[in-house]
Amino acid sequence: MYGLATLDRYGRLADRAVLRALHWGPGHPLALTLVSGSVLIVAHDDATARVGNDGYVRLPVGVRRACRLVPGDRVLLVADPPAGRLLLHPPAALGALLDTHHADILSGATP
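The sequence shown maps to residues 14 to 124 in my numbering.
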């Protein structure tokens, strides 16, 4: 499942449909790990991050800075409900992922 979310000034991501698909409700503990410019989010009982009472995932300041995210940035959310994982791709990571693909298409290469 895919979703697009806009980061607000508090670091919240507003895409409740993705969280519902993962069965992550308010208070659900989450571990966040930086991986190649993206953020891997998984449920983890010992995690200090949690789904907020408002139902949003809030990215800590350190994660936002590491990903160069600012309020208003749009991120791609990729949920893997059976595995209980959520990947968050910020604009810079999306650009890196798509650069080669776009270059191939624009040069006439076939996939």
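Check before you lean on any hint, since a few could be wrong.
Stated by the list, open to error - Per label pair, the in silico range of CB-to-CB distance:
no., residue 1, residue 2, range
1, G24, I118, 17 to 27 angstroms
2, A60, L119, 39 to 49 angstroms
3, R63, A34, 41 to 51 angstroms
4, P42, H115, 23 to 33 angstroms
5, L17, D67, 11 to 21 angstroms
6, R98, D67, 36 to 46 angstroms
7, G24, A56, 28 to 38 angstroms
8, N66, T113, 16 to 26 angstroms
9, L17, H115, 44 to 54 angstroms
10, A34, N66, 16 to 26 angstroms
11, A60, A27, 36 to 46 angstroms
Hints in this document: simulated from the structure, not taken from any laboratory. All residues carry an ideal CB built from backbone N, CA and C; glycine is no exception.
These are the hints, each one checked on the structure:
| no. | hint | in the structure |
| --- | --- | --- |
| 1 | G24 with I118: 17 to 27 angstroms | 34 angstroms, violated |
| 2 | A60 with L119: 39 to 49 angstroms | 42 angstroms, holds |
| 3 | R63 with A34: 41 to 51 angstroms | 18 angstroms, violated |
| 4 | P42 with H115: 23 to 33 angstroms | 38 angstroms, violated |
| 5 | L17 with D67: 11 to 21 angstroms | 19 angstroms, holds |
| 6 | R98 with D67: 36 to 46 angstroms | 22 angstroms, violated |
| 7 | G24 with A56: 28 to 38 angstroms | 19 angstroms, violated |
| 8 | N66 with T113: 16 to 26 angstroms | 41 angstroms, violated |
| 9 | L17 with H115: 44 to 54 angstroms | 19 angstroms, violated |
| 10 | A34 with N66: 16 to 26 angstroms | 20 angstroms, holds |
| 11 | A60 with A27: 36 to 46 angstroms | 21 angstroms, violated |
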